[in-house]
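Take the sequences, apply the hints, and build the full model.
There are 2 protein chains.
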Amino acid sequence: MIQKYVCFHLLLHTNEAISVIIEKENVHIMTEGDRTMKVQTIKVELAETLKAKPNGAHLDFGTIFTDHMFLMDYKEGEGWYDPRIVPYQSLTLDPAAIIFHYGQTVFEGLKAYITEGGEVQLFRPEKNFERLNHSNDRLCIPHIDEQFALEALKQLVEIEKDWIPTEEGTSLYIRPFIIATEPYLGVAPSKQYKLMIILSPVGAYYKEGINPVKIAVENQYVRAVLGGTGEAKTAGNYAASLMAQEVVSKDGFAQVLWLDGVEKKYIEEVGSMNVFFKINGEIITPALNGSILQGVTRDSVIQLLKHWGLPVVERRIAMAEIAEAYESGTLEEAFGTGTAAVISPIGQLTWEEKDLIINDGKTGEISKKLYDTLTGIQYGKVEDPFGWTVKVGSN
Amino acid sequence: MIQKYVCFHLLLHTNEAISVIIEKENVHIMTEGDRTMKVQTIKVELAETLKAKPNGAHLDFGTIFTDHMFLMDYKEGEGWYDPRIVPYQSLTLDPAAIIFHYGQTVFEGLKAYITEGGEVQLFRPEKNFERLNHSNDRLCIPHIDEQFALEALKQLVEIEKDWIPTEEGTSLYIRPFIIATEPYLGVAPSKQYKLMIILSPVGAYYKEGINPVKIAVENQYVRAVLGGTGEAKTAGNYAASLMAQEVVSKDGFAQVLWLDGVEKKYIEEVGSMNVFFKINGEIITPALNGSILQGVTRDSVIQLLKHWGLPVVERRIAMAEIAEAYESGTLEEAFGTGTAAVISPIGQLTWEEKDLIINDGKTGEISKKLYDTLTGIQYGKVEDPFGWTVKVGSN
Chain L
1 MIQKYVCFHL LLHTNEAISV IIEKENVHIM TEGDRTMKVQ TIKVELAETL
51 KAKPNGAHLD FGTIFTDHMF LMDYKEGEGW YDPRIVPYQS LTLDPAAIIF
101 HYGQTVFEGL KAYITEGGEV QLFRPEKNFE RLNHSNDRLC IPHIDEQFAL
151 EALKQLVEIE KDWIPTEEGT SLYIRPFIIA TEPYLGVAPS KQYKLMIILS
201 PVGAYYKEGI NPVKIAVENQ YVRAVLGGTG EAKTAGNYAA SLMAQEVVSK
251 DGFAQVLWLD GVEKKYIEEV GSMNVFFKIN GEIITPALNG SILQGVTRDS
301 VIQLLKHWGL PVVERRIAMA EIAEAYESGT LEEAFGTGTA AVISPIGQLT
351 WEEKDLIIND GKTGEISKKL YDTLTGIQYG KVEDPFGWTV KVGSN
Chain C
1 MIQKYVCFHL LLHTNEAISV IIEKENVHIM TEGDRTMKVQ TIKVELAETL
51 KAKPNGAHLD FGTIFTDHMF LMDYKEGEGW YDPRIVPYQS LTLDPAAIIF
101 HYGQTVFEGL KAYITEGGEV QLFRPEKNFE RLNHSNDRLC IPHIDEQFAL
151 EALKQLVEIE KDWIPTEEGT SLYIRPFIIA TEPYLGVAPS KQYKLMIILS
201 PVGAYYKEGI NPVKIAVENQ YVRAVLGGTG EAKTAGNYAA SLMAQEVVSK
251 DGFAQVLWLD GVEKKYIEEV GSMNVFFKIN GEIITPALNG SILQGVTRDS
301 VIQLLKHWGL PVVERRIAMA EIAEAYESGT LEEAFGTGTA AVISPIGQLT
351 WEEKDLIIND GKTGEISKKL YDTLTGIQYG KVEDPFGWTV KVGSN
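Residue numbers (the numbering used here), protein chains in the order written: chain L, 1 to 395; chain C, 1 to 395.
Please note that the accuracy of each hint is not assured.
Remember, identical chains collapse to one label, so a pair may be satisfied in a single copy or spanning two.
Distance condition first, Cα-Cα at most 27 Å in a straight line; then the derived DSSO-like pairs of lysine-lysine [as the list claims (entries may be wrong)]:
hint: 1; residue 1: K161; residue 2: K53
hint: 2; residue 1: K362; residue 2: K127
hint: 3; residue 1: K362; residue 2: K191
hint: 4; residue 1: K53; residue 2: K191
hint: 5; residue 1: K214; residue 2: K264
hint: 6; residue 1: K127; residue 2: K381
hint: 7; residue 1: K191; residue 2: K250
hint: 8; residue 1: K75; residue 2: K250
hint: 9; residue 1: K51; residue 2: K191
hint: 10; residue 1: K381; residue 2: K43
hint: 11; residue 1: K250; residue 2: K381
hint: 12; residue 1: K381; residue 2: K264
hint: 13; residue 1: K191; residue 2: K214
hint: 14; residue 1: K250; residue 2: K53
hint: 15; residue 1: K391; residue 2: K265
hint: 16; residue 1: K214; residue 2: K368
hint: 17; residue 1: K191; residue 2: K391
hint: 18; residue 1: K306; residue 2: K369
Hints in this document: simulated from the structure, not taken from any laboratory.
Shown next as structure tokens:
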């Protein structure tokens, strides 16, 4: 193994005189002016042999992983410690670890893109770490240092940049996640955790470009309810969704559209995406009510629409209202938004045995424009007026 | 390591001539009459050195594990295979394993008791494996062979019988669980699983005998909702419950009482137990509505009450009805039921800032009789008219 230490000084952003007062392993307690800081360096252990890279033209989602991963541990009383980039490897955990029994875990999903000029960039990554901490709050998991985690991610992506596929629409999927590792069968928050980041090269979500999908409105199963964990990006929400997805996929539907868990009337999300409707020129999306995920793509779409001067509104929407708009001919477009597909046009919505064919089953004008603009920004092809992209390896 | 093979023929319960047609490793394909059977033997690898047993008088819950555990794997196309008892050891899993990201997992909890005569017995263990499969259905996990799993459990407990503590109220807690192990980041049921059973010696739930607890009615957080996973014993329900428990325990409450996720009016469960109320001589418990766990102790309590000729009814109960009964002086008793505490009397119920003191904060007559009878049956001290206990090592 090649051992290499990369010194990373998170909290040092002034030119003031710095005194190191304690230094052991990769933790440094320092003073800067009148502040005392704990500075951690990320230890890097590079893999001796590298795996063969896959063919970028034939990539699936989430089956191939890169040569390295990031890890950091947490222990009550000690906080987060031992940040390290190591060869991608199996985890060794006690069978009584809380993650296996009580699902105390949160995760995020984002991507690294390569531009035509060969630059590596991320799309609003700070939003993902902000949301990770929001999820942590709901799951009783200690906060992470968002800035430190982002720097760790950038360092990992920089090491793995040759893994970013260059084919049209491909990217490097990034999965940060935290798991509760204490071996304890009592139902209580863990006193030990692991924060990890793993990377997976992924193909274009739509192999033949953006393409409308068929969605079934779910009337039986519920993904989340107000007071539950719907707003958190946590395992249990996805476990709860598996059955509904299994049932509808047998009938050729790509995803389900989730209604609220209380009245089963109001629209929440579609599959693992947020959802938008264009009715009579106005673009509407369900308001964040506490059981809907605060999508980064959702927020970007709202900002873009406003930037273009288009009317966009966040409010409660009943499924019946969508059906009425369809009947009256004012339902012009529908689309999902998420990291995986970016924009996923909905060509058909099936509710109570009735098929609503939207925009003749074709991709709508707004859906297309949003897709082109967002992917354009992500791949550095169009101007980024919002400062959403973050370069990797440039600092 | 001492290698030992224990041959276990699950499906052979006739004296007919048996022909072995295929035999490789520990899988045997056999014919019996006109049936073809797949018979698996449990491979046993005993630990070379045994851990020191803890002091039975000072046992906590779920922190100490025995010398061995049971494991069995599943692969799509192959089914469940390679059942084995091995030394208790860490699990090695890919960081992309579905359990870490989408919480596809189910579990059970039961106990082994030692009688005064030194016999080892289980309490209705077949109900736990039946419920495990019920949970599997909701979580899209393949069924296990309930009878085979029970035999594996009995074999494991037989090997570990010296770990069963003998002090009053102590027992060996048994945790069967299944985790999704396929390394895949797509949201879909795993194609690989592990079924495991681990054992932990546990102390009496109430160190000073049965003792009433203070319970807070939860108005903000929701554990489960109809259409969700509330009826399944799965990680996400417990992850969702952590925050509410953290909040109320700061105010000295032992547990929360969960209301329904839709109207937040109707009583569902208390903490991780089912709940019963005695009002004006009648014993009432929430009906199984799809979001309440089908407790084995709950079912045993209902059967016992009926056996005693006491009126017991399963129906929807509003929290307001409990408060009204309290005001009118007809709320006579309240108690939770579960494997851990068996019967947990509720001495105080706090709802919307109001304290309902039940039976002067003392253990009620029915609660006491149920506790004595159920624990009496479990420890072989009183007659078992229902045939609930299952002996280990007697066959």
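Let me make sure I understand: some of the numbered hints might not hold for this structure. Which ones are they, in numerical order? 2, 3, 10, 11, 12, 14, 15, 17
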